[in-house]
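Chain B: place on chain A using the hints.
Residue strings, one per chain:
Number of protein chains: 2
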Amino acid sequence: MSQQQMVEEIKGWVYEAGERIKEKLQSPLIVEEKANKSDLVTNVDKETEAFFINKIRQHYPDDQILGEEGLADQVTDFGGRVWVIDPIDGTLNFVKQQDNFCTMIAVYEEGIGQLGFIYEIMRDELLWGGKGIGVFLNDQEIKDVPDMTLEKGLISVNTHMFLRNTYETQTVAMKSLGVRMIGCAGIGFKELIKGNQTAYISNLQPWDYAPAKVLIEELGLKIIALNGEPLDLRQKVPILGATPATFEEIQNRQN
Amino acid sequence: MSQQQMVEEIKGWVYEAGERIKEKLQSPLIVEEKANKSDLVTNVDKETEAFFINKIRQHYPDDQILGEEGLADQVTDFGGRVWVIDPIDGTLNFVKQQDNFCTMIAVYEEGIGQLGFIYEIMRDELLWGGKGIGVFLNDQEIKDVPDMTLEKGLISVNTHMFLRNTYETQTVAMKSLGVRMIGCAGIGFKELIKGNQTAYISNLQPWDYAPAKVLIEELGLKIIALNGEPLDLRQKVPILGATPATFEEIQNRQN
Numbered sequence: 031m032s033q034q035q036m037v038e039e040i041k042g043w044v045y046e047a048g049e050r051i052k053e054k055l056q057s058p059l060i061v062e063e064k065a066n067k068s069d070l071v072t073n074v075d076k077e078t079e080a081f082f083i084n085k086i087r088q089h090y091p092d093d094q095i096l097g098e099e100g101l102a103d104q105v106t107d108f109g110g111r112v113w114v115i116d117p118i119d120g121t122l123n124f125v126k127q128q129d130n131f132c133t134m135i136a137v138y139e140e141g142i143g144q145l146g147f148i149y150e151i152m153r154d155e156l157l158w159g160g161k162g163i164g165v166f167l168n169d170q171e172i173k174d175v176p177d178m179t180l181e182k183g184l185i186s187v188n189t190h191m192f193l194r195n196t197y198e199t200q201t202v203a204m205k206s207l208g209v210r211m212i213g214c215a216g217i218g219f220k221e222l223i224k225g226n227q228t229a230y231i232s233n234l235q236p237w238d239y240a241p242a243k244v245l246i247e248e249l250g251l252k253i254i255a256l257n258g259e260p261l262d263l264r265q266k267v268p269i270l271g272a273t274p275a276t277f278e279e280i281q282n283r284q285n
Numbered sequence: 031m032s033q034q035q036m037v038e039e040i041k042g043w044v045y046e047a048g049e050r051i052k053e054k055l056q057s058p059l060i061v062e063e064k065a066n067k068s069d070l071v072t073n074v075d076k077e078t079e080a081f082f083i084n085k086i087r088q089h090y091p092d093d094q095i096l097g098e099e100g101l102a103d104q105v106t107d108f109g110g111r112v113w114v115i116d117p118i119d120g121t122l123n124f125v126k127q128q129d130n131f132c133t134m135i136a137v138y139e140e141g142i143g144q145l146g147f148i149y150e151i152m153r154d155e156l157l158w159g160g161k162g163i164g165v166f167l168n169d170q171e172i173k174d175v176p177d178m179t180l181e182k183g184l185i186s187v188n189t190h191m192f193l194r195n196t197y198e199t200q201t202v203a204m205k206s207l208g209v210r211m212i213g214c215a216g217i218g219f220k221e222l223i224k225g226n227q228t229a230y231i232s233n234l235q236p237w238d239y240a241p242a243k244v245l246i247e248e249l250g251l252k253i254i255a256l257n258g259e260p261l262d263l264r265q266k267v268p269i270l271g272a273t274p275a276t277f278e279e280i281q282n283r284q285n
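Chains as they are written, first to last, in the numbering used here: chain A, 31 to 285; chain B, 31 to 285.
Next comes chain A alone, as it looks inside the complex:
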């Protein structure tokens, strides 16, 4: 199967998942707490993860799958092809707003990002692309993301990192034109990739950043772990995604 066919296949799954999720919003959700009262999982998160796992197992039986809700594999070796699934990114928004959430999927090979999909269902905005094939918003290719400095753009940050000024997040954020907090990593990265925002700072699990990393690198934007760890899908890390100019500014802020 060509890469192009694989992209079309995954887009089909993502759109189908989106339709199912919208349908399920018509019925009451079954909501459970995970680590704390704002870390939620619903029946729809689980059913959507199972939906993607079924599709992948059926078409790519030899691949490993890493998923937020733990229904897939315990991946420790990132050799071969690994799929990374976040069935609903922004579950708290999903539960409380029925909006401002994404479904996300990424494909890595030998630890290297190949394809990424971030679908904001309620706006019908699919950001997708991959290594060597470009990045697209629905049918429109994204080219030349404006290389804004911090002073020229909006920034999206994690509430707790901002409150505690972790990695000088307050100092950085207050140099920008304005601070946004959306509560959904997919949307935070999407706004950066669309050129609507100059940076995104948050504490993220592998499934929160896996697809964005592929798209950001393909576009020549920057993404790093602020604690110096590699972005190897093995742990939760504090992440900065930014335009090159803002990245330089933040990296050099203590000079």
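Heads up, a few of these hints could be off.
Just so you know, same-sequence chains aren't split out, so a pair can sit in one copy or run between any two.
[Unchecked claim] Pairs of lysine to any residue residues, derived as SDA-like cross-links and limited to a Cα-Cα distance of at most 25 Å, are as follows: (1) LYS252 to VAL175; (2) LYS182 to MET204; (3) LYS205 to GLU46; (4) LYS182 to GLN127; (5) LYS173 to GLY225; (6) LYS52 to GLU155; (7) LYS52 to ASP169; (8) LYS76 to GLY208; (9) LYS266 to SER57; (10) LYS266 to SER68; (11) LYS224 to PRO58; (12) LYS52 to ASP129; (13) LYS252 to ASP129; (14) LYS173 to SER57; (15) LYS224 to ASP154; (16) LYS252 to ASP174; (17) LYS52 to PRO274; (18) LYS85 to VAL44; (19) LYS224 to GLN127; (20) LYS52 to VAL71.
Quick caveat, the hints were computed from the structure, so don't treat them as lab data.
Relative to chain A, chain B alone:
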């Protein structure tokens, strides 16, 4: 003219303004700074304010008009009928994201809110209603907004008030399920009114809160100035909009 006819007329203007604004987003914006680098005005703000003023002058020549961009009247006496216009609420988002902004209009008589319209153009969500006629999201009446406590809902807050902990905004916000910053008062209030969020705290001009006040009061939700001033459209004030339960919780937080 009946109140019903007046509502339909204003809805027509609001939708027409929305269409014009979307069209104008196809061309480059002319952006100027007002008080500071994040306080912007564009040609579209001004043209939209002029559009509403023309409509009002034509149909209601004896009324006064208060508008964000200062093209209308210097209103000092709020007797008679006063129209309050925010042509684009969230201009910084409008410029940087071409999204997450509203057009808003309110009608007050003898200082009392009669009608309010908050239109989030890019989502095609019109929140409208008035004293004695109920509150609607597009064609759907909003009834029984869930009376969430702080612990059960999301809260939207102003960045500067959060950073400086003004009126203990940090303490209040961190008791909630999660903090959101959108950069648009209309959306902050809309999320409260839709039941997606338990409170909204910000520092607001009369045109930022005038329509929301009408809708909030009609629904039995709460809105006050945190500094004890009246909400009489005369000045910028720190505002709390909340469900009754959250309002009580915030008011009693020092007891």
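Next item on the list: Against the earlier hints, flag every one the structure doesn't satisfy and list their numbers going up.
Entry: Numbers 3, 9, 17 - these are the hints that the structure violates, sorted from lowest upward.
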